[in-house]
Amino acid sequence: MAKVTLKEIAHSYTGYSENPDDYALKKLDLTWRDGGAYALLGPSGCGKTTLLNIISGLLIPTKGQVLFNDQDVTRLPTEQRNIAQIFQFPVIYDTMTVFQNLAFPLKNRGRTKEEIEPRVIELAKMLNLEKDLYTKAQHLTADAKQKISLGRGLIRTSVNAILFDEPLTVIDPQLKWQLRSQLKFLHKKFGFTMIYVTHDQTEALTFADEVIVMYEGAIVQIGTPEALFERPEHTFVGYFIGSPGMNIVPCRLQGNQAMIDDHALVLGKTYRDIPTGAKIEIGIRPEYLRLAPPGGKGLPVNIQKVDDIGRYKIVRVGLNNRKFNVVMTELSGMTGDNASLVFNMNHTNIYVNDHLFVGDQQ
Amino acid sequence: MIAKQTNQKAWFMVLPVFLVVAFSAVIPLMTVVNYSVQDTFGNNVFTWVGMDWFKDLIHSERFHAAFLKQLMFSGIILLIEVPLGIVIALAMPKKGWGVPVCLIGMALPLLIPWNVVGTIWQIFGRVDIGLLGHTLASLGIHYNYTQDPVAAWITIIIMDVWHWTSLVVLLCYAGLCSIPDAYYQAAKIDGASRLAVFRYIQLPKMQRVLLIAILLRFMDSFMIYTEPFVITGGGPGNSTTFMSIDLVKMAVGQFDLGPAAAMSLVYFLVILLLCWVFYTVMSNVGEESSNGGK
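Line order of the protein sequences matches chains P and L. Residue numbering for the first sequence follows our numbering, beginning at 1 and increasing consecutively. Residue numbering for the second sequence follows our numbering, beginning at 1001 and increasing consecutively.
Quick caveat, the hints were computed from the structure, so don't treat them as lab data. Watch out, some of these pointers could steer you wrong.
Claimed, not checked - 25 Å max Cα-Cα, derived BS3-like pairs, lysine-lysine:
no.: 1; chain 1: L; residue 1: K1188; chain 2: P; residue 2: K107
no.: 2; chain 1: P; residue 1: K113; chain 2: L; residue 2: K1188
no.: 3; chain 1: P; residue 1: K125; chain 2: P; residue 2: K113
no.: 4; chain 1: L; residue 1: K1095; chain 2: P; residue 2: K107
Stated by the list, open to error - Chain L regions said to be covered by chain P (calculated; three or more residues, Cβ under 8 Å):
no.: 5; region: 1180-1186
no.: 6; region: 1192-1200
Glycine is no exception: its CB is placed at the ideal position from the N, C-alpha and C atoms.
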């Protein structure tokens, strides 16, 4: 197990270039502590798999260094890095039994049968594979095959890090939940450094102690699941995390007021030194919006659509042409299509050129 | 309740297939069956002989010899072409300008007509003017495929390897290219050796195409006619008289239509049987027991 440090890493698939646009992965510095569970979250094509392959050594970065503890491994081939990686689709050795598949990484490293056998059986129990242990791997379902892949990643106790590249994509939703909690359990038990790539926010938020959100080849925020939810540092994080995502609406600032079109909203904070011509937006989670009967102190809106999704309702409201999602448990007391929209000011953020802008408390 | 209407018009749709199959396979095969149970001395006069030709054939030493030679030939070329094809396919580049160069180079021998291949090697191996034959002779090596059965066999086998290994290569290459990168990456991470990658990833993933390659090469080699006919004409002596050459000698040379027809049928059934055995065995490889030991 090791601390993983990335020093000024950048990668371009077309080779060294001066133009930053050529880089699939923009310059980044990052340290992952030993034994941590991290998630790399971002949409397809944001560079998260590139980053993962740089750590595992399948790719050599155009710039920068990768350190395991304090050893520079940037140019070390994969097999010498002592890491494990689990891929998006199950990779199994067809002609081997489940036992042989799980034992393969240990066998290749010259472990004896006495060392291998108890370890394989222990792991198979944790993954619920013990009854298929002597079945040919190719006869199993996709779920079971992916569990074998996971097992091969977890079998070695001495790995520097375990990398997961969207490992639960092919798994049924119900089993996904189960496997995720098994991974969490295994993490607690063995204390591996785990790095988990996903585009599924639920997966990232339940798995990781700390989530790294990536967007267009750059890291936009690193934080705990709460921090990502409460204080997105970038509008992308606001959109991407939460269901539905954050309401982000263009506005103008006048003293301690935000003007959404010609409606004023008192923010309770002042924002100074905003560059002229910058894009200014106001962002608030649907959970922190509330609807009150019309005529109250909120913004006058009309209700356009109500989606009842069980525990709560998502209400779509319109303020002229601006749309907001509001999450509420009850819609009682509302009559007609008109309502007033009330903001929770402690959770209202201002974004300048997509980045969080912190105001002065009055 | 409405009675289900029967519409027999659909039969007209399958009629073309019936006709094509009838004219291309069934009718010619039936004429052969017809010949195999009759005797003729020409003039379109036939006499019924029952199973006599088959009985003769089963006990004929000439047939045994040709059959054995045929099996040996197919066995040898499979043993050479399949491993060689795999090795070449593994060595071929996976990307870059080398790919089209290799593919075209590999495909070239396959495009040459069979009797041209025969002629090329017939001339190539001649002691008086052939590059190979003359060079060997000047080096003092005794090589003459018109006199020495071993030399004749070696020539035909090398020719077949030259002509057909490409087919195995191309099929294996296609099989190799279809293996996702993740398998190689996983193998690296699992610390697998080069040999283990071949044994546990490449070979199992090539199994399907190898089955096709072996079947095709077996059938083709078992039916080989043109090339040995051009090079040696079945000689020296009868040393390269494979089944199809023997068959033609019998049917055309001696005009023994009955025995030749009986031989054709046996020949056909043998190929069918062996292909079935190959297919069954190969497609069961790796599927056999679901509880193979640890």
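Verification of the hints:
no.	hint	result
1	L:K1188 / P:K107	holds (14 Å)
2	P:K113 / L:K1188	holds (22 Å)
3	P:K125 / P:K113	holds (18 Å)
4	L:K1095 / P:K107	violated (32 Å)
5	1180-1186	holds (count 5)
6	1192-1200	holds (count 4)
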